[in-house]
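Asks: Keeping their order, the protein sequence lines are chains A and B. Adding 39 to a residue's 1-based position in the first sequence gives its number in our numbering. Numbering follows our numbering, with no gaps: position 23 of the second sequence is 15.
Read the hints as simulated data drawn from the structure, not as lab findings. Keep in mind the model is a prediction, meaning the values are calculated, not measured. Take the hints with a grain of salt, since some may be wrong.
Stated by the list, open to error - Going by beta-carbon spacing under 10 Å, a handful of chain B positions derived as facing chain A:
1. S34
2. I35
3. S74
4. N78
From the three backbone atoms N, C-alpha and C, an ideal C-beta is built for every residue, glycine too.
The lines below spell out each chain.
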Amino acid sequence: MASLDDLKKRIASVKSTQKITKAMKMVAAAKLKRAQDSAEKGRPYSEKMNNIIVNLSKGISDKENAPKLLSGTGKDQIHLCVVMTSDRGLCGGFNSNIIKKAKSYFSKLSSEGKELKIITVGSKGNDQLKRVFGDKIIENISFKNSKNANFFDAEKVSKMIIEKFQKEEFDICTIFFNQFKNVITQIPQAQQIIPLKTETDDKDKSEDYYEFEPDEDEILTNLLPKNISTQIFKAMLENSASEQGARMSAMDNATRNAGEMVDKLTIEYNRSRQAAITKELIEIISGAESL
Amino acid sequence: MGEEFKLEVVNPEKSFLLKEDVTEVVVPAFEGEMGILKDHISIISFLKPGIIKVYSKTGEEKYYVEDGIIEFKDNNLSILTSSIFNIKDIEKSKIDEMLRKAKEETNRDNASDQVKFLIDQKIEVLKSIN
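Go ahead and model the full structure; you've got the sequences and the hints to work with.
Replies: The structure is reproduced here in structure tokens:
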């Protein structure tokens, strides 16, 4: 059995860990509020953008000559996967969930004999993927220096992706990120951005006649790259909200566990203290009796 | 009543402006300035650098934009842009800064004609605000 002193030290150390996790939880909660706000505020933009694109692609008469970003290269041999993770750890299963989702997709691809290329956004994803898929990672981007997700960063990523697409380095591009549902649940998502999948609602079959200025093709060619930035930005916003949410619940758990541990250790400490006193008493009494 | 429609300006970070009672909006569309009144036909168009003028009962507001897309449908005008400033709030130093950057860009050789045209536009508009 550990001595009284050891127990005391352990209790103190667990308590200080608990203080740290508690503080981290508070910080995450404050950041979560902000990240959630900006994720919600960013939604109208991406929704509107999506609407316009859906309307536009409905209006395109000549599907053959549609911009490649919309229609694809016609092949699906080389897949580019953009795995978006956080730059910091201590956020529970946040990163592992994305990686798990991505890995299962990767193995599906390789079983189908497709070629795989990976871009990692965020250093944690890179750390976890480089061991197994190190040779597949073509690019690693990290935004450690920017405090919040901003559109400028998203544009940098999308420019790089579009450049690679124009050089025909890949046929299909999918992004992986966590969608923020609530503090406890984040859903890892795989979203294909090139070629663009437009979900047309059947119920919304109203005949939309639009006037275009300039013509549809030109608008689409200009709009599609913007849409990719927007989608990536949306993913970044969702991701940062999810990260803070995951960290908050992970730290909440850690604080609770530390509390339980302190309780258990305190009971053990008290027991051994009492045992020591009893032992001393017995010694004194038996010493006195023998006189 | 009857002459008003809804205007919504969004940028990637947030909903920038929402007004229910605008009577006319003049936007710098790609092929020239375009005024939009109520019951305009559905339209999608691009913006080039310029000034958006919003007229409502409460008066006139001016915004500087660099790019964007507009969609008008069922008397809802949505403007999507990544760079928009209210001219009242914009500081002179910032305009100078943007002017300087724009001028730097024109001096680069690899810019295409279209890019150059857009930058020229930008410089002109910025100068006019200044």
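Asks: Output the numbers, in ascending order, of every earlier hint that fails for this structure.
Replies: Hint 4 alone not satisfied by this model.
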